[in-house]
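Each chain is listed here by its residues.
There are 4 protein chains.
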Amino acid sequence: MIVVLKDNPDQKQLDNLVSWLKSMGLDIHFSQGQSATIMGLVGDTAAVDMDLINSLDIVETVKRVQEPYKNVNRKFHPEDTVVEIAGGIKIGGGNFQVIAGPCSVESEDQICLVAREVKTAGARLLRGGAFKPRTSPYAFQGMRAEGIDLLMEAKEKTGLPIVTEVMDISQLPLFENVDVIQVGARNMQNFELLKEVGHLNKPILLKRGLANTLQELLMSAEYIMAGGNEKVILCERGIRTFETATRNTLDLAAIPLLKTMTHLPIVVDPSHATGIASLVKPMAMAATAAGADGLMIEVHNNPSAALCDGAQSLTPEAFADVMEAVNLIRPLAYKG
Amino acid sequence: MIVVLKDNPDQKQLDNLVSWLKSMGLDIHFSQGQSATIMGLVGDTAAVDMDLINSLDIVETVKRVQEPYKNVNRKFHPEDTVVEIAGGIKIGGGNFQVIAGPCSVESEDQICLVAREVKTAGARLLRGGAFKPRTSPYAFQGMRAEGIDLLMEAKEKTGLPIVTEVMDISQLPLFENVDVIQVGARNMQNFELLKEVGHLNKPILLKRGLANTLQELLMSAEYIMAGGNEKVILCERGIRTFETATRNTLDLAAIPLLKTMTHLPIVVDPSHATGIASLVKPMAMAATAAGADGLMIEVHNNPSAALCDGAQSLTPEAFADVMEAVNLIRPLAYKG
Amino acid sequence: MIVVLKDNPDQKQLDNLVSWLKSMGLDIHFSQGQSATIMGLVGDTAAVDMDLINSLDIVETVKRVQEPYKNVNRKFHPEDTVVEIAGGIKIGGGNFQVIAGPCSVESEDQICLVAREVKTAGARLLRGGAFKPRTSPYAFQGMRAEGIDLLMEAKEKTGLPIVTEVMDISQLPLFENVDVIQVGARNMQNFELLKEVGHLNKPILLKRGLANTLQELLMSAEYIMAGGNEKVILCERGIRTFETATRNTLDLAAIPLLKTMTHLPIVVDPSHATGIASLVKPMAMAATAAGADGLMIEVHNNPSAALCDGAQSLTPEAFADVMEAVNLIRPLAYKG
Amino acid sequence: MIVVLKDNPDQKQLDNLVSWLKSMGLDIHFSQGQSATIMGLVGDTAAVDMDLINSLDIVETVKRVQEPYKNVNRKFHPEDTVVEIAGGIKIGGGNFQVIAGPCSVESEDQICLVAREVKTAGARLLRGGAFKPRTSPYAFQGMRAEGIDLLMEAKEKTGLPIVTEVMDISQLPLFENVDVIQVGARNMQNFELLKEVGHLNKPILLKRGLANTLQELLMSAEYIMAGGNEKVILCERGIRTFETATRNTLDLAAIPLLKTMTHLPIVVDPSHATGIASLVKPMAMAATAAGADGLMIEVHNNPSAALCDGAQSLTPEAFADVMEAVNLIRPLAYKG
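Protein chains in written order, with my numbering: chain W, 17 to 352; chain Y, 17 to 352; chain P, 17 to 352; chain S, 17 to 352.
The set of hints was computed from the structure by calculation and includes no laboratory data. Careful: at least some of the hints might be erroneous.
Which copy is meant is left open, so a pair is good if it fits within one copy or across any two.
Derived pair list, reagent style SDA-like, types lysine to any residue, alpha-carbon separation capped at 20 Å [as the list claims (entries may be wrong)]:
#1 Lys211 / Asn70
#2 Lys211 / Leu188
#3 Lys211 / Ser186
#4 Lys106 / Gln82
#5 Lys79 / Phe46
#6 Lys86 / Ser35
Bear in mind the structure is a predicted one, so any value in this text is a computation, not a measurement.
Next up, chain W with everything else stripped away, as it sits in the complex:
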């Protein structure tokens, strides 16, 4: 961390600052320039509050040189993390997996039918929403506990491990047999929830928030890893921009960039990112080409009758077509 002081800083304030920094175990290197004095802080600066230093009268500006994240940082963990899920399924480090299924679990028939169809087409994990975050209190909120039960039945019948979203800490006991717990975009900075899933020994799929930077995504993953859970899968699902032609703007450059920042696997959700079923295939292909470790795709037996997000769901036939295209691109994908 570099602190640039203003001209002629008040000596007493400067002494206070230096003492405080030393009390945090940092070494300080002074460099006297013509118009500014620069302090280089050496040591573990992850816990140092830049805003606080910046607020001091004697400080011109503060710049961070090192990343504020550690456990997720590729610098300290150069090899790709491979997250092991149930049934010997792995993701990351060259293991590419497709997660597919309906937006919401609606009935036993529906979820089992979709599960069989996405398995046939090549998906290795089943997704389905039991607890649904909906903008409107009047919209369908998911089948909740019953939805989890139906997912378990689908798992038993097809062998596909389950990925489903938790919305609150109080729901976690219901997730005991869930294979991968999803933390949704709106909860990416629900820090209490992050801490709690950080104490589990279970893969966590962490979705990027609509207004969150890649560094913030990594800081949220750091929350989980700081608790001891190293099984974190990141998910790019689009950010909110001024463009309204798609629901969100899918940031595919995030894939190769995150790969340089972190060792964690990265999957892409083209369904939620675009909100338009016809864009799922090209974006799935593009994400694969760019080096994603997996995809998360909404598939519904009958898109028109889906209780939510129908506009972004594929039929099983369309999903099989996406899988075929993705499988062709896979061997040619960017590898860093």
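With chain W held as given, fit chains Y, P and S onto it using these hints.
This is chains Y, P and S only, laid out in the frame that chain W set:
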């Protein structure tokens, strides 16, 4: 709600759509144009999923005419809501209140000292963070339960009602004696939390999310009101944009615009919005002029030693100066 | 276009509106609902000002059903446009081309060397900036007229057609022998310039503005086509968002979405979009997979000495590596 | 400027970098830390390309300490600039002015009528669009040269100096008698136009671009001042964000923040920023309270018949009401 059909829609699909809409209790009015058939849906369309209809093959586009919110809608509740807080303090409907205090509760001395000083300067509610949402797991997370206790002591000593943030449902029992519960920007779409505080009989200060539209803010308020709690105070605190000179971009047009959409009171937080102490005064003045029902301002006894967000905190002296400027503008403020 | 009227509209104002709409050659279909009267406007609504109608006291809301663009609209021109450039080179309709070269023309040696190298690697058009838009007046502004001359020499020596940017109408006479004129992102809504290049018989590469929607991009292309020039190539080059890890956010969903909206070819510029050389390869691969008609890539003989945008330039060797990867993906690319 | 080098930088590359920096007249101060070497560059770094240095293999990161702008920088010009317009009218340094008039000049009667009415209400400058930037080529493009003539007639009849927008260098001869030349938001980075108006001896009203930062706005003002024209007036008119309830998001924190960065006067345009007539008054009041040096407001004799931007225009009566409210707030406005 208006549904524009494509040319020559498949009759069977159209019949299905019409049946489904009627099953939701809606009346349908057809209007045959030259190149498009338009269906006008009359009735309670708040629960109708636009995305779903939009996904149908036979549909060109769907447009909502009515707002998807009811309880918060000024159309159905033309008079301003006045939220009554403890001690006879009211906000809304011409009652303007300033909430002030430190970012974080740090010690009994600190919170009591600041409480006395902001009270002297004219604040009528005390804010202070006990549970702190921090981007980094290594940053100070607040004094938590102990922080709530200290706020209660400050309340006892000064008589100021307390405003403090809840981060998770499991913390709510600790908030029994808190006067106003704050739902923070990162939790604006934590729908489980919204439902829970919707069952309380206590004012809720709901902050706008960094990437949320005004309509989404109102939908989150609708979650609270749908649970029976009518004591909702909205808070504009800046949105995330490409501009990095300020922490967020304070959207002051939200004040008069929200006033036309809803009857709920609206306060503005210039401290978090800008992240720069010297901008708090002009933005507090501007928010007051634009018709805000109140302000929420960070004040610290010693800004440089604050454990978080120091850069946006004022000294008590600077806060008194802001209050003086705001009080002069108050009688001239926009009234709609 | 659909106009939803307020309850009990003033009859005189309504008559005025109806007369005005009829004077624009539109037919009006009324549909009386329970709580609203809907007017459907049939005819050429491209010139109708939605904002103006929206401002009327009697109007609740206005919604456009038809696109405001005509010449660029795929509905009226279902086949892909193939733009023919000099030397029999075509782009669009299955013809994929890579445009490569340095950010700025710096010397005869430099531009000729790079031209030979990119040609060897497979580029079919040479780019190079003669007039450079720079944020700072103190930064290098390009070699200007002399730069155009050097591009002509490179063209003569290598046979590669030239793509270079015009910044002002007054520069156009210098572009007589330029093969493709680029209108840069900052000039996407320089409407006077668009009109002027609309009168040329020469391909125009139109870059998307940093804050412009896809519809606005198409409206700017419509300006060019309305003048008679049908040789328009669109270019996605990233939009400005809150994310600062990349210079801009590359919006690859724009490729398949634009393909449904328009018949014009679409190229992608991963160099400017990301501003990071190491991201050019994966984003070039992703753009190709998503169905782009071409790429525009910065290549420099010596990235470290480039006078501008060095951070986003590849060496010729790195460019050859990108070409190889892109060529492998090409046959598998999304075709709509 | 601070350059942080990577560990064990290649000595030859480092020597090259040092030579190049010295050739630009900079002094270099080395500071050796534990894990990084820091170079402090002292001298005129405005022309140094950060991106270029950042692209070097041996460089970890580059941070600018000094602002890249000089002439507009308040550090080098502590007093407020007062721009003198025709007729003894001044703006800046405590001189507050309101610019008002229709979006487009439509006829002699219209512009003269509006001019008289806004003068009566207290406006001291007349605005009116002769050249109109319109998204659609089929929308009204303004009366152009004839519109300028009509503005001159209105000036003659009322004595109000004229503010009107130039869209291209070739139009400048027509602006000889225009008092203040407006460079619109879409042209904020039309650098050739900026250079040209930088050679005039006439006030320039420079509007912030929809996707431009405050620093970029100042860099564009620097273009004008670098040409010798010191009469620059900045205009905040909203930026493009994800929020669609207003046309743009008015960034009022820009006013006090720009005042710390520059000595130039700042006016605010609430009409274009919000696009909603009813929001003009509260935003005009808020901008005034925040310390703006002036306002730019659209006024039309008959808003419903305006040929463009009608939704954001006030009637003369409504404008008089805004003026009254603004004049009351003026003496209480923030002064820094």
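Hint check results:
Taking the closest pair of Cα atoms, Lys211 and Asn70 never come within 20 Å of each other, the shortest separation being 28 Å inside a single copy and 36 Å across copies. With identical chains, the CA atoms of Lys211 and Leu188 are at most 20 Å apart both within one copy (12 Å) and between copies (18 Å). In this assembly of identical chains, Lys211 and Ser186 lie within 20 Å of each other by CA distance both inside one copy and across copies; the values are 13 Å within and 13 Å between. Taking the shortest Cα distances, Lys106 and Gln82 never come within 20 Å of each other, neither inside one copy (31 Å) nor across copies (48 Å).
In this assembly of identical chains, Lys79 and Phe46 lie within 20 Å of each other by CA distance both inside one copy and across copies; the values are 15 Å within and 17 Å between. When the C-alpha separation of Lys86 and Ser35 is checked against a cutoff of 20 Å, the pair qualifies neither within a copy, at 25 Å, nor between copies, at 36 Å.
In summary, the structure is inconsistent with hints 1, 4, 6 from the numbered list given earlier, while agreeing with the others.
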